[in-house]
Every structure is written in C-alpha cells, then in structure tokens.
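The working numbering puts the sequence shown at residues 1 to 82.
None of these hints come from the bench; they were simulated from the model. Careful, some of the hints might be misleading.
To be verified - Under the rule of at most 30 angstroms between Cα atoms (straight-line distance), these lysine-lysine pairs were calculated in the DSS-like manner:
hint: 1; residue 1: Lys70; residue 2: Lys51
hint: 2; residue 1: Lys53; residue 2: Lys25
hint: 3; residue 1: Lys25; residue 2: Lys51
hint: 4; residue 1: Lys70; residue 2: Lys53
hint: 5; residue 1: Lys53; residue 2: Lys41
hint: 6; residue 1: Lys41; residue 2: Lys51
hint: 7; residue 1: Lys25; residue 2: Lys41
hint: 8; residue 1: Lys41; residue 2: Lys70
hint: 9; residue 1: Lys25; residue 2: Lys70
Only a predicted model underlies this, so the values are computations on that prediction, with no experimental measurement involved.
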Amino acid sequence: QDRPSVDTGYTIRTPLLNFLSFLLKTVERDALPLFDMLCAKYRPSLLRDSKFKTYLQRIAQIYFGRQAPKGMLEELMSMFST
1 QDRPSVDTGY TIRTPLLNFL SFLLKTVERD ALPLFDMLCA KYRPSLLRDS KFKTYLQRIA
61 QIYFGRQAPK GMLEELMSMF ST
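Produce the complete structure using the sequences and hints provided.
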C-alpha cells in the first residue's frame, strides 16, 4: 500500500520517479519548454548516470522534434564549410 503511485494521489518520494511522472505528462502535452525546465530542475538527480543525458536527448528528438546534437567532428566540418 505504501508503493508510489501517480493515480492514487500518493506522493512519489524518489526524485527520479517524480521526474518520470512529470516527463510522461510533458510528452503528452508536447511541451518542449516544459521538458527543458523539467530537465534543468532535476539535473542533480539526472547526473547520477551519464546515460540519462543520451536518453533524454533521444526523447527530445522523437517527441519534440529537436535536432540531434552535433558531434565534435561535425562541428569542425560545419565551421570550415561556411
């Protein structure tokens, strides 16, 4: 009965579960600015694992249409081509 749940009104006690709850609502609303604010707010918790950044970049690409970040080589090539 003490398990975290979004639907029953219990408070979700861990920051990452709380983040996921808000992330799902943000994706449903198609709200990129809210996604950015959410990631900034939960940044300390998201820094626990370096893979979170990769996953969140992919979510931003798929659900919000954000361009993939350029790699270092791509940055250099674009600087010389302009």
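Consistency of the hints with the structure:
Proposed proximity of Lys70 and Lys51 is supported: the alpha carbons are some 17 angstroms apart, at most 30 angstroms. Only pairs whose Cα atoms come within 30 angstroms are accepted, and Lys53 paired with Lys25 is accepted, the gap being roughly 19 angstroms. Taking the CA atoms of Lys25 and Lys51, the gap is about 22 angstroms. The hint holds against a cut of 30 angstroms. For the proposed pair Lys70 and Lys53, the alpha carbon gap of about 14 angstroms is at most 30 angstroms, so the pair holds.
This hinted pair checks out: Lys53 and Lys41 have alpha carbons roughly 14 angstroms apart, not beyond 30 angstroms. Among the hinted pairs, Lys41 with Lys51 is consistent with the structure: their alpha-carbon atoms are about 18 angstroms apart, no more than 30 angstroms. Pair hint Lys25 plus Lys41 holds up; C-alpha atoms about 15 angstroms apart against a cutoff of 30 angstroms. Among the hinted pairs, Lys41 with Lys70 is consistent with the structure: their alpha-carbon atoms are about 24 angstroms apart, no more than 30 angstroms.
Using a Cα cut-off of 30 angstroms, the hinted pair Lys25 and Lys70 holds, with the two alpha carbons roughly 28 angstroms apart.
The structure shown violates none of the earlier numbered hints.
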